[in-house]
Amino acid sequence: MPLLSLTVFVPLLGAVLLVLLRPSNARAAHRLGLAAACLSLLGAVGVGLRGVGPGFSQVEEIDWIPSLGSAYRVGVDGISLPLFLLTTVLFLVSLVFSTRVTDRTPAYVAFFLMLETTCLGAFVALDLVLFYVFFELTLVAMYFIIAGWGHEDRQRAALLFFLYTLLGSLPILLGIIALYLGADPHTFDMRQMVASPPLAGFAGALTFVAFLLGFGIKTPVFPLHTWLPAAHVEAPTAGSVVLAGVLLKLGTYGFVRFILQMTPEAFRAAAPWVATLASFSALYGAFVALAQTDLKRLVAYTSVNHMGYVVLAVAAAAATTEPRVRAVAIDGAVLQMVSHGVVTGALFLLVGALQDRAGTREMGAFGGLLRGMPLLGWAFIVAAFASLGLPGLAHFPAEFQIFLGTFGVWPLAAAITVIGILVTAGLYLRAIQITFLGEVGERWRALPDLGRADLWAVMPLLAMALMIGVAPGSLLNVIHRTASSLGP
Amino acid sequence: MTGQLAQMQIGPDLLLLLPALSGVVTGVLALGAAMFDRPRWAFWTTVFGLLVAGALAIPLLGRQETVFLGTYRIDALSTWTALILLPATALVAALTRSEIHGSDREAAIYSLLAFTTTGALVLAGAGDLLFLVLGVLISSLGAFGLVAYRRDARGTEAAMKYFVFGSVSEAVMIFGLTFWFGAAGSTLLADLGGLNDSRPPALAGLVGVLVGLGYKAAITPFHFWAPDAYDGAPTSAAAYVSVVPKVGAIFGLAQSVRDLPDSVVDWRLLVALLAALSMTYGNLAALVQSNVVRLLAYSSIAQAGYFLLGVVAVGRTPLATQALIVFAAAYAAMNLGAFAIVLRVGRDLAAFSGYGRLAPVGGAWLVIFLLSLVGVPPLAGFFGKLLLFGAALDAGFGWLAVVAIVNSVLSLAVYLRWLVPCYQTPVSEHPVSSGGRVSAIAAALVVGLGLGVQLLLARIQ
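If you read the sequences in order, they're chains A and B.
Taken in order, the first sequence gives residues 1 to 488; the numbers are from this note's numbering.
Taken in order, the second sequence gives residues 489 to 949; the numbers are from this note's numbering.
Think of the hints as simulated: they come from the structure by calculation, not from any bench.
By construction, the Cβ of each residue, glycine as well, lies at the ideal position given by its N, Cα and C atoms.
FRET-style restraints, in silico, Cβ to Cβ:
{"no.": "1", "chain 1": "B", "residue 1": "A839", "chain 2": "A", "residue 2": "D356", "range": "33 to 41 Å"}
{"no.": "2", "chain 1": "A", "residue 1": "A28", "chain 2": "B", "residue 2": "P848", "range": "14 to 22 Å"}
{"no.": "3", "chain 1": "A", "residue 1": "E152", "chain 2": "B", "residue 2": "A839", "range": "20 to 28 Å"}
{"no.": "4", "chain 1": "A", "residue 1": "D63", "chain 2": "B", "residue 2": "A659", "range": "47 to 55 Å"}
{"no.": "5", "chain 1": "B", "residue 1": "G940", "chain 2": "A", "residue 2": "P411", "range": "50 to 58 Å"}
{"no.": "6", "chain 1": "B", "residue 1": "P848", "chain 2": "A", "residue 2": "E152", "range": "23 to 31 Å"}
Chain A stretches covered by chain B per the calculated footprint, using a threshold of three residues with CB under 8 Å from any CB of chain B:
{"no.": "7", "segment": "123-137"}
{"no.": "8", "segment": "151-165"}
With the hints as constraints, model all of the structure from the sequences given.
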């Protein structure tokens with residue numbers, strides 16, 4: 001059974017059904033969406049149970065454009081499988097959280113399901129054209145979600161998001177074409193690109209730059225991050241969850257799959273520069289987050305910080321010649337992607353829940369919320385602790401390995417970047433103190449706590465954050481299978 | 489000369505020309521129906537005749553030869569032009585009927601469509617300087633009539649601009665071509681290789697061709713007529729002029745420079761510069777339009793620039809021919825589709841406010857057309873651009889590919905300016921029509937040619 005393809009396309013099927021049936025009441029639309037997302041999650045679990053070997057596993061292939069050496073090829077390895085699972089989880093909880101949406105519900109759910117298919121497809125595509133198709137379509141779906149259901153200034157934010165990230169994806173297209181022309185015989189097969197990177201020298205360097213620009217915007221890395229705060233602040237809550245949890249991972253996934261695996265030579269030469277940028281980006285994200293008073297912007301900027309660590313680890317993996325160090329760095333990078341998806345997803349949901357209730361996200365307006373809404377408060381505190389890297393929660397094992405791997409290559413860079421963790425700790429503690437501790441403001445006494453749908457959305461994520469923190473072993477095993485076999 | 493004539497095999501040669509000849513016959517029959525004032529007959533004759541003519545091109549797929557002593561080429565470019573432009577003209581005829589149905593002179597317009605398309609086919613198959621001139625003239629004369637169809641002041645002004653500009657450009661082209669003829673000693677394009685050490689005449693001829701065909705294809709800086717002509721013409725005529733003569737001219741340009749040695753004059757660089765200029769100017773100018781017909785006029789100037797990426801690479805990579813053909817098919821479908829929506833909704837950008845919410849189906853078609861024009865996968869426009877970028881890179885014009893992607897981002901801004909209001913809350917609940925049949929067909933083609941691009945590629949050598 002082509003389980004992988006079914007998992008990818010079940011959400012799209014749901015979207016098509018929604019468009020055709022146009023259920024008139026919102027609940028029916030939500031149910032259909034939840035059913036599709038559940039099926040997709042089950043499929044992903046099935047894919048996970050089938051497991052991965054050292055190379056690409058569970059490959060499914062159909063001829064598509066043989067004249068160009070392009071085919072429908074999908075498959076998973078230790079890098080894409082965790083992200084594949086993460087995607088199905090985050091979409092399901094986003095849709096659970098979204099059950100309160102009543103404005104043009106069928107269209108809303110359909111866009112989310114379409115976005116799910118494109119994200120899943122991008123992670124498992126083994127053909128460059130197929131990858132690009134999925135990658136680019138994520139923009140279209142996300143654009144419509146932000147423009148259609150975002151907050152006040154959504155049109156401008158959606159426009160900026162679309163233009164900016166298209167500016168990123170087109171260099172990727174050029175890089176893809178360059179790889180195609182460099183391969184002999186011409187092909188778009190990613191397995192072949194990974195097995196024997198076709199470009200060396202100047203062409204390889206140009207392709208590397210194109211990919212760096214494209215995936216750097218997506219990730220985002222300073223100074224290419226300026227689209228991110230606007231998009232996050234204006235996106236609906238579930239949109240932010242998917243944007244931070246899944247779409248940013250497309251950028252870091254590209255760093256591993258494309259930049260590291262397909263242009264390794266150029267990456268090695270430029271690794272110190274990329275590491276400098278990544279480490280600056282991590283610190284910049286942390287310090288700018290520290291200056292925020294809007295909770296959502298704060299969480300958005302910590303993404304820049306966390307993604308900076310990921311890029312730093314990938315750069316270290318590119319620079320080192322020691323397979324063990326490389327494996328540790330990649331293990332950490334991929335685990336960090338998953339952890340960030342889970343934890344930041346939870347944080348965005350909680351900030352969204354708070355905004356729905358209070359109508360504002362300004363820290364200064366709040367105070368003592370823990371007393372009135374203990375569930376929301378404690379959930380936020382746990383998620384914040386996870387985000388700042390407390391041992392026993394999701395980010396700790398990931399960041400530990402990232403810094404371990406980086407320290408083996410550039411001790412100074414690792415030491416400087418670690419400051420970022422201190423800053424995030426400070427900013428989260430400050431946010432918790434201002435928002436949830438202290439005197440309860442009169443306005444906030446009557447606010448309801450998290451409802452059932454909210455709990456169903458948030459609690460699984462917190463449970464996963466705990467599981468990854470306490471027992472990252474099984475996930476690391478999967479990642480390690482690929483990370484340990486990455487070529488020199 | 490008599491010996492050569494004896495070598496000509498008129499019968500088999502005519503068979504190879506059947507698509508173009510059927511186009512002429514269709515035009516004549518439609519003209520006959522017009523003389524009896526039977527627009528319905530003229531319409532159905534045209535649609536049926538054009539589709540038959542297109543079907544007659546199918547057996548020619550894969551053939552690579554010349555007819556009439558090398559003056560007309562039967563190759564991938566000319567055959568595919570017939571396969572793309574003849575059905576596209578049938579679609580335009582349907583658009584025209586919905587726009588001007590019942591007005592006087594309706595019947596005549598169908599025969600003009602058929603004749604003009606034949607001119608575009610001749611251009612794309614030209615193997616000789618004279619065929620090049622003939623193609624430009626045939627496709628111009630009919631198009632003047634189409635643009636001037638409305639006898640009001642704007643229509644007249646539009647047609648005047650189109651005509652005057654056209655006459656001058658065509659004169660320059662013919663003048664330039666005399667240099668090629670004089671230096672090469674032959675009117676055959678295949679003999680241009682003989683220009684080996686005569687740079688000035690080679691350059692003069694090239695400039696002539698670029699002016700004449702650049703005017704036909706609305707390439708900057710020969711585009712000045714286009715926005716006014718589109719705006720003054722009936723919408724369906726604008727749709728037609730933006731697609732059929734343009735594709736014919738671009739393919740004609742590819743045919744004429746193919747055999748010109750680039751060691752004598754660097755025509756690749758010259759065409760690449762025009763491409764960059766056309767894309768950038770077209771997109772920047774489109775960015776400030778508030779009339780969607782003018783917006784589409786400038787966007788089609790930019791799209792002509794993308795087309796030129798394929799011309800730049802002609803002869804250096806097999807991707808060039810594939811790129812030109814796939815992009816032509818995609819462009820015809822998406823541009824006609826967009827014009828079909830304009831025909832239903834109106835020319836004012838403000839008229840589109842809330843359109844997507846009031847007419848979800850028509851809105852969805854418009855999204856498909858405009859995203860395909862940007863080059864969003866998996867729509868047909870994406871594969872056209874993928875091949876064009878690939879052709880440019882393979883031919884050593886990486887910088888041009890970079891200019892093209894920056895322009896793609898710019899073009900997204902252009903089309904989003906149109907799409908964003910479509911999904912805002914409607915100003916009034918005025919009734920709007922849905923997309924209509926033509927746009928539904930075009931949308932199916934844009935999606936189908938995208939996902940099924942292999943169907944085309946497998947049949948292009």
